[in-house]
Amino acid sequence: MYKYDEYDHSIVAARVEEFRDQVNRRLAGQITEDQFKPLRLMNGLYLQLHAYMLRVAVPYGTLNATQMRMLAHIARKYDRDYGHFTTRQNIQYNWIKLEDAPDILAELATVEMHAIQTSGNCIRNISSDQYAGAAADELTDPRPWAELLRQWSTFHPEFSYLPRKFKIAVIAADEDRAAMRLHDIGLQIVERDGQHGVAVYVGGGMGRTPMIAPLIKDFVPFDDFVSYMEACLRVYNRYGRRDNMYKARIKILVHEIGADKYRQEVEAEFAQVKKLGIDPPRAEFDRIAAQFVDPAFEAGLSDEIDRSDPDFAVWLDQQVVAHKQPGYAIVNISLKPIGGIPGDASSAQIDVMADLAERYSFDELRVTHAQNIVLPHVRKADLYAVWQTLREAELADANLDLISDIIACPGLDYCSLANARSIPVAQKIATRFADLGRQRELGELKLKISGCINACGHHHAGHIGILGVDRKGVENYQLSFGGSGAEDVSLAQITGPGFSEDGVVDAVEKATNVYLAQRTQGERFVDTYRRIGMAPFKEAIYG
Amino acid sequence: MAELRYRDDAAHDEPAVTLDAFLGQSNATAVRLESSDDARALLPHLDRLSLVEVSFPKFRDGRGYSAGRILREAGYTGELRAQGDVLVDQIPLMRRCGFDSFAPEAPVDEAVLAASLARYDHVYQGAADAAEPVWKKRHGQRG
Amino acid sequence: MKILTGNDLASGDVTWWTGNGWSRHVEDAVDVGEQGEAIAQAEEGARRVNGPYVIDATATPDGPRPAHIKDRIRALGPTVRPDLTLKPADPSAGSWVI
Numbered sequence: 001m002y003k004y005d006e007y008d009h010s011i012v013a014a015r016v017e018e019f020r021d022q023v024n025r026r027l028a029g030q031i032t033e034d035q036f037k038p039l040r041l042m043n044g045l046y047l048q049l050h051a052y053m054l055r056v057a058v059p060y061g062t063l064n065a066t067q068m069r070m071l072a073h074i075a076r077k078y079d080r081d082y083g084h085f086t087t088r089q090n091i092q093y094n095w096i097k098l099e100d101a102p103d104i105l106a107e108l109a110t111v112e113m114h115a116i117q118t119s120g121n122c123i124r125n126i127s128s129d130q131y132a133g134a135a136a137d138e139l140t141d142p143r144p145w146a147e148l149l150r151q152w153s154t155f156h157p158e159f160s161y162l163p164r165k166f167k168i169a170v171i172a173a174d175e176d177r178a179a180m181r182l183h184d185i186g187l188q189i190v191e192r193d194g195q196h197g198v199a200v201y202v203g204g205g206m207g208r209t210p211m212i213a214p215l216i217k218d219f220v221p222f223d224d225f226v227s228y229m230e231a232c233l234r235v236y237n238r239y240g241r242r243d244n245m246y247k248a249r250i251k252i253l254v255h256e257i258g259a260d261k262y263r264q265e266v267e268a269e270f271a272q273v274k275k276l277g278i279d280p281p282r283a284e285f286d287r288i289a290a291q292f293v294d295p296a297f298e299a300g301l302s303d304e305i306d307r308s309d310p311d312f313a314v315w316l317d318q319q320v321v322a323h324k325q326p327g328y329a330i331v332n333i334s335l336k337p338i339g340g341i342p343g344d345a346s347s348a349q350i351d352v353m354a355d356l357a358e359r360y361s362f363d364e365l366r367v368t369h370a371q372n373i374v375l376p377h378v379r380k381a382d383l384y385a386v387w388q389t390l391r392e393a394e395l396a397d398a399n400l401d402l403i404s405d406i407i408a409c410p411g412l413d414y415c416s417l418a419n420a421r422s423i424p425v426a427q428k429i430a431t432r433f434a435d436l437g438r439q440r441e442l443g444e445l446k447l448k449i450s451g452c453i454n455a456c457g458h459h460h461a462g463h464i465g466i467l468g469v470d471r472k473g474v475e476n477y478q479l480s481f482g483g484s485g486a487e488d489v490s491l492a493q494i495t496g497p498g499f500s501e502d503g504v505v506d507a508v509e510k511a512t513n514v515y516l517a518q519r520t521q522g523e524r525f526v527d528t529y530r531r532i533g534m535a536p537f538k539e540a541i542y543g
Numbered sequence: 001m002a003e004l005r006y007r008d009d010a011a012h013d014e015p016a017v018t019l020d021a022f023l024g025q026s027n028a029t030a031v032r033l034e035s036s037d038d039a040r041a042l043l044p045h046l047d048r049l050s051l052v053e054v055s056f057p058k059f060r061d062g063r064g065y066s067a068g069r070i071l072r073e074a075g076y077t078g079e080l081r082a083q084g085d086v087l088v089d090q091i092p093l094m095r096r097c098g099f100d101s102f103a104p105e106a107p108v109d110e111a112v113l114a115a116s117l118a119r120y121d122h123v124y125q126g127a128a129d130a131a132e133p134v135w136k137k138r139h140g141q142r143g
Numbered sequence: 001m002k003i004l005t006g007n008d009l010a011s012g013d014v015t016w017w018t019g020n021g022w023s024r025h026v027e028d029a030v031d032v033g034e035q036g037e038a039i040a041q042a043e044e045g046a047r048r049v050n051g052p053y054v055i056d057a058t059a060t061p062d063g064p065r066p067a068h069i070k071d072r073i074r075a076l077g078p079t080v081r082p083d084l085t086l087k088p089a090d091p092s093a094g095s096w097v098i
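Residue numbers (the UniProt record's numbering), protein chains in the order written: chain A, 1 to 543; chain B, 1 to 143; chain C, 1 to 98.
By construction, these hints were calculated from the structure, which means they are not laboratory data. Note that CB positions come from ideal geometry on N, CA and C, so glycine has one too.
Calculated pairs, DSS-like style, for lysine-lysine (alpha carbon to alpha carbon, straight line, at most 30 Å):
#, chain 1, residue 1, chain 2, residue 2
1, B, Lys-136, A, Lys-3
2, A, Lys-37, C, Lys-70
3, A, Lys-37, C, Lys-2
4, B, Lys-136, A, Lys-274
5, A, Lys-472, A, Lys-247
6, A, Lys-165, A, Lys-261
7, C, Lys-70, A, Lys-97
8, B, Lys-58, A, Lys-97
9, B, Lys-58, A, Lys-37
10, A, Lys-472, C, Lys-87
11, A, Lys-3, A, Lys-324
12, A, Lys-247, B, Lys-58
13, A, Lys-165, B, Lys-136
14, C, Lys-70, A, Lys-247
15, A, Lys-275, B, Lys-137
16, C, Lys-87, A, Lys-428
17, A, Lys-217, B, Lys-136
18, C, Lys-87, A, Lys-97
19, A, Lys-472, C, Lys-70
20, B, Lys-136, A, Lys-275
21, A, Lys-472, C, Lys-2
22, A, Lys-97, C, Lys-2
23, A, Lys-77, C, Lys-70
24, A, Lys-217, A, Lys-275
25, A, Lys-165, C, Lys-70
Examples of chain A residues toward chain C, derived with CB under 7 Å:
#, residue
26, Gly-29
27, His-50
28, Ala-51
29, Tyr-52
30, Arg-80
31, Lys-97
32, Leu-98
33, Glu-99
34, Ile-341
35, Asp-413
36, Ile-423
Working from the sequences, and respecting the hints, build out all of it.
In structure tokens, the structure reads:
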């Protein structure tokens, strides 16, 4: 894990005082809400339906037990005893008082956390693969690259008033667990001639105009990495549209001028920027990377796991995935109990997960973009004990990547932008498919729900996607099939007219019946959809 | 209208002309860039410029930050003025992008500004100012 | 009827204009007629409210019922967490929203 040095501490501490000053000026009437809004947003503070909402950054989804306990503490002391883990690997609190926000940031700073750039038209928290440093299939740990970007992008003087928000994801495996190509910039660390560099994809995103990012550069070596990012952002800052906020994301620029023209512009800018000496030296990368070395794994551990408890065996098969180190495993903790709120965890549950990380996972946790938590480094011999503790805390659901492992935005229950509620739909679908045997029979099925066109619930990337809309004051839900945020990235296609809340649950069930009837050996829902097309599904749903 | 200057030389009193007017006449020494103007059009003429005024029509319009850096990166040493909807919390960022004078439309609280400019002892990235990024402090000069 | 709502500047709580101040309870909201914008401007200027806006509502025996579901959710609280709403003990409170 990255540890702050004196410089990092100093910068974050200054930020706390800066925000305290900004809040005081707002409360004293020295600045208007219009002027304060971009300032508070750049610190992750929104005004939502019921209160202020504070989004705390979890850089590249990694945190330690002390940090996790701080998140629980903040939930207890300043909020209503829970937090909501988001699709960008952050956590947000729904009931924050403006006057408390500076104190919360001060408390976060004591554990090397912050809310810097978790909103606003700036470079947001860098996201990454939740299995980074543990995955059997990764080329290298992507987090040192992500940390380098975190530092480069923090209070970047040129890129704090971009046309629109800017999201970057970094991965280092061919299996994409971070929806990399649905980001403004997606980076995959690749190897060439024995050197690691990045493949750069620019212009992906969801929202009202979903796009898959095209490849802009197949290899940028480390020595040019920051300069190249600077060039990518400068072209966007100069030429991204500012006349229409719905067309202001970089995906629109890249789409309108074309990937080739965008690449030319970036290359021309890079030729200038490269002369400036803004690329950190290799020694800085090495300094950061040294903090992400493997924990002290024990050698020679057995890979045997006692499966005699059948409930444990079910959980094991669903939630535990391969680790690069023999004798260890990666544990996924579901925050998707049947009928629960996707991504929510109580302060007590957050504490339990912190304790487990400290005791069994080398003090590390991860937040996933699917709104679950990961214990990245657990000895196989400890899995049973971990499962027992999780079960007591009601955290032992065995539904990873199944139909009830739903991504859902907060929707109209919390969000001032939403047009319809998302969470009740998620709850009804999960309840309809509550039987685990039935879910497992359906296999991998990624269902994602957004409460408005901004697509925070990633509905475009759902094998099944649901979009809530407002139809003359009544909630209505549009259904789509065939999306994916993984390495088989694709955008979902809408089925047809929308449904009521109950109607969309029925329609989902009918679609799964089509899949069960039509699938061939080994096909997932999305594979069957891709093979047979929309027609049989439409017939079942609307016929 | 308050004007804030961080330069030792005398203020330039020639009115700034538009970019088109500047490119069409050889003797102007002050130019005003609208946020949609390409700052690079000025690069062949930097040695005869004493003042470049960059317009910030709305505080959300951040194109001028790039314009400032582009001019400084190309070696422009004259006055670089940010004019328009320039807010006190933005001035430290603009300073880092090379701006050394400010003509905000609304008055700026100078005490707040002084505190803002002094707040950060360190910066993470190189820009158009003299501040050393922390990676340089950590490791010394590259190479 | 037209009623005026916003959030408390410091706490963020949802508030409703009562004719001489702000209440957390929509039942206390009064018809502002054509005065809504003027009251909003004055109250925002005095920093007693953040982001005030006028909405349509229906007068009912139980008090004003906002026309749009978004404001009914604001008035009550999240439908998925009845325990966190203003009426945690009322099991039928959620049906008022829908």
